[in-house]
Amino acid sequence: FGDERVPELLERAIALRPLLLKWAPLHDKERRLSDEVVNAMEAAELFKVAVPRRWGGLCLSADGMAKIALEIAKGCPSAGWVFCISNSANWVASLASDAIQEDVFADGVPRMCSAINPPGTFTPAEGGVIVNGAFPYSSGCYHSAWGMFAIASKSPDGRMVPAGQFYVPMSECRIEDTWHVSGLKGTGSNTVVLKDVFIPQHRIMPPAPPGHAPGKKHIGEPSDYFALLPHLRSVMLGVLIGMAESALELV
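Plus 77 on top of the position in the sequence shown (first one is 1) and you've got this note's numbering.
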């Protein structure tokens, strides 16, 4: 792991607290994070923590990520939530095929949003598929460079069958303003809409059992072998604990 960096990153997260506290009410009002806060988190390398070192990330464990999320959430829960979502989506991308990893991380570690339910629909096209869909609860979508979303096909009996997930630059998507949920309004968890967007075949990750395909090139970090759902869920707990601890400190 890269957890030897955790104390340093915790100091950076704590140092951001005055800025986060300043912006938190405005995040709630504007229903998205401010550019100033996102840029400060970026400068502190807080969007790199889950990514393998082969792509310039820090390869932290879930424990390290949750501790950082806790400190961010003490200043602004919405910032802590987006920290977790973007890092988690990037981590999942780092488990994908060599071709997907090479696309997503070509320019360094991006910020990423994701949504998998409900999945979008697709029609085959030369070299890929045409996707249509509306993907709600895409936390951090306003500040993301990439999106990771799910697709499904319809079986003969009318059921929707998972067909995997795909990666798309956010420049090819439209954001529909739908997020008005009390509490974490600042996450900007709006609906990402794709209309007749072409997705090349190499950016589609088909449904597959856990594990990595033989001959895979981009693999070898500890993070390549984390258990998927336990890792994702445990990281998010840091936000909830940070919110509770901050409330206790205030009273």
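One or more of the hints may lead you astray.
Said to hold, decoys possible - BS3-like cross-link-like pairs, simulated, lysine-lysine; straight-line CA separation at most 30 angstroms:
#	residue 1	residue 2
1	Lys262	Lys272
2	Lys231	Lys272
3	Lys106	Lys262
4	Lys99	Lys262
Quick caveat, the hints were computed from the structure, so don't treat them as lab data.
Going through the hints against the structure:
Distance hint between Lys262 and Lys272 is fulfilled; the C-alpha atoms sit about 26 angstroms from each other, no more than 30 angstroms. Proximity of Lys231 to Lys272 is assessed by CA-CA distance (about 18 angstroms); at most 30 angstroms being required, the pair is judged to hold. Between the alpha carbons of Lys106 and Lys262 the distance comes to roughly 8 angstroms, so the proposed pair stays at or under 30 angstroms and holds. With a CA separation close to 16 angstroms, the supplied pair Lys99 and Lys262 stays within the 30 angstroms bound.
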